[in-house]
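Participant: Produce the complete structure using the sequences and hints provided.
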Amino acid sequence: MNTKMTYEVVDSAETFERMLSRVREAQKLYASYTQEQVDKIFRAAAMAANQQRIPLAKMAVEETGMGVVEDKVIKNHYAAEYIYNTYKNTKTCGVVEEDPAFGIKKIAEPIGVIAAVIPTTNPTSTAIFKTLLALKTRNGIIISPHPRAKKCTIEAAKVVLEAAVKAGAPEGLFGWIDVPSLELTNTVMREADIILATGGPGMVKAAYSSGTPALGVGAGNTPAIIDDTADVILAVNSIIHSKTFDNGMICASEQSVIVLDKVYKAVKEEFKKRGCYFLNKAETEKVRKTIIINGALNAKIVGQKAHTIAALAGVEVPETTKIIIGEVESVDISEEFAHEKLSPVLAMYKAKDFDDAIKKAEQLVADGGYGHTSSLYIHVSEKEKMAKHQAAMKTCRILVNTPSSQGGIGDLYNFKLAPSLTLGCGSWGGNSVSENVGVKHLINIKTVAERRENMLWFRVPEKVYFKKGCMPVALDELKTEYHKKKAFIVTDTFLYQNGYTKPITDKLDEMGIQYSCFWNVQPDPTLANALEGTKQIRDFEPDVIIALGGGSAMDAAKIMWVLYEHPDADFESMAMDFMDIRKRIYKFPKMGEKALFVAIPTSAGTGSEVTPFAIITDEKTGTKWPLADYELLPNMAIVDVDNMMNAPKGLTSASGIDVMTHAIEAYVSIMATQFTDGLALKAIKTVFDYLPSAYENGANDPIAREKMAEASCMAGMAFANAFLGVNHSMAHKLGAYHHLPHGIANALILTEVIRYNAADVPTKMGTFSQYQYPHAKERYVEAARFAGIQGKNDDEVFENFIKALEDLKKKIGIKKTIKDYGVDEKYFLDTLDEMVENAFNDQCTGANPRYPLMSEIKEIYLKAYYGK
Amino acid sequence: MKLEKVIAVRTSKTIYRDGKYAIKVFDENYSKADVLNEALNIARVEETGLSIPCVEEVTKIDGKWAIVTDYAEGKTLARLMEEDHEKKDKYLERFVDIQLEMHSKTAPMLNRLKDKMKRKIAQTGLDATTRYELDARLESMPKHNKLCHGDFNPTNVVISEDGEHYTILDWAHATQGNASADAARTYLLFWLSGDIEGAEKYLELFCKKSDTAKQYVQKWLPIVAASQSVKGKPEEQEFLMHWVNVVEYE
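One line per chain: the protein sequences are A and B, in this order. If you read the first sequence in the numbering used here, its first letter stands for residue 1, the second for the next number, and so on. If you read the second sequence in the numbering used here, its first letter stands for residue 1, the second for the next number, and so on.
These are calculated hints, taken from the structure and not from any lab test. The structure presented is a predicted model; accordingly, all values stated were derived computationally and were not measured. Watch out, some of these pointers could steer you wrong.
Unchecked claim - Covered, in the sense of this in silico footprint (three residues per stretch, anywhere, with C-beta under 8 angstroms from a C-beta of chain A), are these stretches of chain B: (1) 137 to 145; (2) 211 to 224; (3) 233 to 245.
Claimed, not checked - Derived lysine-lysine pairs resembling DSS-like cross-links, with alpha carbons at most 27 angstroms apart: (4) B:K118 - A:K286; (5) B:K208 - B:K114; (6) B:K214 - A:K359; (7) A:K394 - B:K214; (8) B:K143 - B:K116; (9) A:K289 - B:K13; (10) A:K28 - A:K88; (11) B:K32 - B:K13; (12) A:K205 - B:K32; (13) B:K2 - B:K118; (14) B:K118 - A:K300; (15) B:K233 - A:K289; (16) A:K300 - B:K214; (17) A:K205 - B:K146; (18) A:K685 - A:K810.
A virtual CB, placed ideally from N, CA and C, is assigned to each residue, including glycine.
Facilitator: As structure tokens, then:
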């Protein structure tokens, strides 16, 4: 061996403290090394360990008196070469991952000092493995060897350390305990930053209870099932190869073979042919009492040759015997052969069928191998059996047609299983890891997340047609563009009886398109109402649905459309509230496969012709299902003022102020964008300019009517994408509880909500990446200025904006307070709390610039009721 | 006190009876601390309400330390088992029931079983590897606080004439800790007395009645065997080492 440096002997708490501070200091320096430096050191250390694999193997066997030199050479070789090869290009220093588009960066940092508990069974290879991992991850490491293997363990660590130092690593980066005791082991574990414990269950438990984060891995009791479809020769020889490897000291090694009845004889013959010895009854009993004493493994047999163990038991077997096999029946822990034996002693069971084999394997795993490894030999076409096995085994490694010793440690018989000498057993084994331990478990990852904004969108119907008299022109497309054959018209009784559908049916007749009509849409349509129409639609099987009317008719038509396309539609799921329409849990079904949807509004209000929303009431429960999804966008919107000319005053007023509310709420929404802003501003100005005349003069001012029709549609587009706010949340509930028209309900709280939102110091603001700070007031002022409202400063403009809105309301005949509409005071107060909670919970609340408290909503309601 | 009627002679101590008292006289070189500790143990166990001979006096007789306790009337279970072989199983059951009743008590001021075992392991003179294994095994054992006798065997349980009452003697080794360790110790004592069949029956009974897994008791065996080896009885050593020399799998 060529280790040269001298080290202070660590045999007491005092010397330990000195060593620890040396390691800490060295690690602090090493933590600043670059990936390039680290990789150079990692390589040099791996090379050195590799070069010393034979002397280290010899030393291990000599010192521990266990195992096979030649196999330990392989383990050392593996620990050096495979670990190097797997991690040579792995980034472990500094930035290891970066995605500038998403603004995310991951930075690897060392953990500090690793406490490495090294077992007697694989002392040098485990030391090489753990020290190399420490080097690659810029950690210091303190080795706590087993007293039985301390010299070779320490020597392996020295080999790695000295090569690392020669390649530039700080001296003192590794430490070890020269005179191991449980006290010092416990001290290392307590003082370190992380524990990498490979050892018996007691040691692993001590690691986990030390208070230091621990990667402890546990014991195995690998059962191998040989199915009757298995390649018997491959199976038996794989098991022999694995079980004899280092005299059976790899913890993943097979402890029991469960052989299906059909192939039992063949398996037995093959074992015999390859030099394994089957114990007779008397011999089995002798070996039983030798290998296990009071339920614990006899220290004398661990890692010994089969012949030696047999001799200890007083059984004569040929010197060259590879494995001694006991044919036993019980898988209970009281059967000595059912234990982990860490030696070339194997239990063999006969299973009457595959289920029986699985049952036995399950019990063997439970006997002492929870979480570790199980193995199956089978024809790979037996997918069903394999799935059964996978489901039943509570083991973190399930190996198929693979010698489990070499298979479990990874990268030898499967090249995606990470090479490791520390095999996690998951929570079943009381461990914190369930995979093969590697570099990723020994670094801390800092995730740097920069602020990014959500992707936004602007979605409107594919076709939006407008201008007075446009309807017949637009409908022409049903034939020329879409070649539709059957149209279904949805409208309400008033419109139907007053001939509003006639221009449409005339046009359809002209084009030779068949049609049918449902003209019984109720105000605030119910599900029953929609189902009535749906029945007709289903019977008629149209390829286009034409909705004619106000919000109710268009909403009802949208619902019928859903029920027609998807008869099993589940409204409860569809109506489920969401925070982000693109992250919602429910995936809305695809629409438009049976019918195209054309929306023709008859009032300047809801904007439903261009929105993805619909509300339906379940008359049985009184529940309102607000549906929202872009699948609900009409395919075509036709905004023809001829359909609105003669709207009554009340409707003009209520729906007109609704437009204003839509536009204002969309403008101050946390989801407002430049795209929606333009539409919203123009709509606000238009309503201010034209609503009074449209209200006053009706059909006598066709320009005002047309402007209002367009403003309604524009506001619809704005809130279809920017959404609304607490004004609508509150109006929805106010309307529902006290039977006020939707537009009126909006108007009654409009200015109160504006004042509320405009606070510079709101209790809480809305959560949305784009919404950077409370700025609702600025936005109101902007909107006011755009509408031509003046003032000497923002505050004055804001006040004038409120005043202008109040004036507008007055001009169009809207009363001042909720009370003025005859809402009973007692009833109002009695239902207030419930209404408040429901308003708070309304889907519209989320986009409000100020995130409301329920007490605040209540206050607004009260102000709106009494007019302050 | 009249030291006339010798009722038992043990290594380094002799027990006499004087009317309603039993007098345990220790050899001259016996540790004073151990004597006082034993008396204190008895006093502490008395507080649990368990039926034991109460300590009446700690004194010196002819320059030797002595503990005077009440005398327990009746026969030991060991004697009863011997006298009536047929009923041995019944007595064994009684024995286990009494041990379980004892385990249901707590005596928070008693020494801790794990501390004691740790000391014993250090005193064994076993090689470092074996001690390391034993230490690791001991450390992983649960910390309980049940009253443990430490030498619970049929010679230390006296049954009254009418068979109604029992008294547990000899509290020199009493600790608080894991009942399974106490059971492991009892199991070992059966083995050492040559009653292997009795040992197995005892263990079965104990595990069944206390709803304990057998391997849980067995996990203590290497530890109690190591602890016993400190006594240094040459005839026991090979057997004890056989039990001690096991490993926890890795």
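Participant: All the hints need checking, so say for each whether the structure fits it.
Facilitator: Structure-based check of each hint:
1. 137 to 145: Contact hint for the stretch 137 to 145 of chain B vs chain A: holds, 3 residues under 8 angstroms.
2. 211 to 224: It holds: at least three residues are needed, and the stretch 211 to 224 of chain B offers 6 whose Cβ sits within less than 8 angstroms of chain A.
3. 233 to 245: With 3 residues closer than 8 angstroms to chain A, the stretch 233 to 245 of chain B meets the three-residue bar; holds.
4. B:K118 - A:K286: It is violated: about 33 angstroms lies between the C-alpha atoms, which goes past 27 angstroms.
5. B:K208 - B:K114: holds, 24 angstroms
6. B:K214 - A:K359: holds, 22 angstroms
7. A:K394 - B:K214: holds, 23 angstroms
8. B:K143 - B:K116: holds, 13 angstroms
9. A:K289 - B:K13: Distance ~38 angstroms between K289 of chain A and K13 of chain B Cα, so the pair is violated.
10. A:K28 - A:K88: holds, 23 angstroms
11. B:K32 - B:K13: holds, 13 angstroms
12. A:K205 - B:K32: At roughly 39 angstroms apart (the allowed maximum being 27 angstroms), K32 of chain B and K205 of chain A break the hint.
13. B:K2 - B:K118: violated, 40 angstroms
14. B:K118 - A:K300: Measuring from Cα to Cα gives roughly 24 angstroms; hence the hint holds.
15. B:K233 - A:K289: Since the Cα atoms of K233 of chain B and K289 of chain A sit roughly 24 angstroms apart, the hinted pair holds (cutoff 27 angstroms).
16. A:K300 - B:K214: Roughly 23 angstroms separates the two Cα atoms, so the pair holds.
17. A:K205 - B:K146: holds, 22 angstroms
18. A:K685 - A:K810: Distance ~17 angstroms between K685 of chain A and K810 of chain A Cα, so the pair holds.
Checked against the numbered hints above, the structure violates hints 4, 9, 12, 13; every other hint is satisfied.
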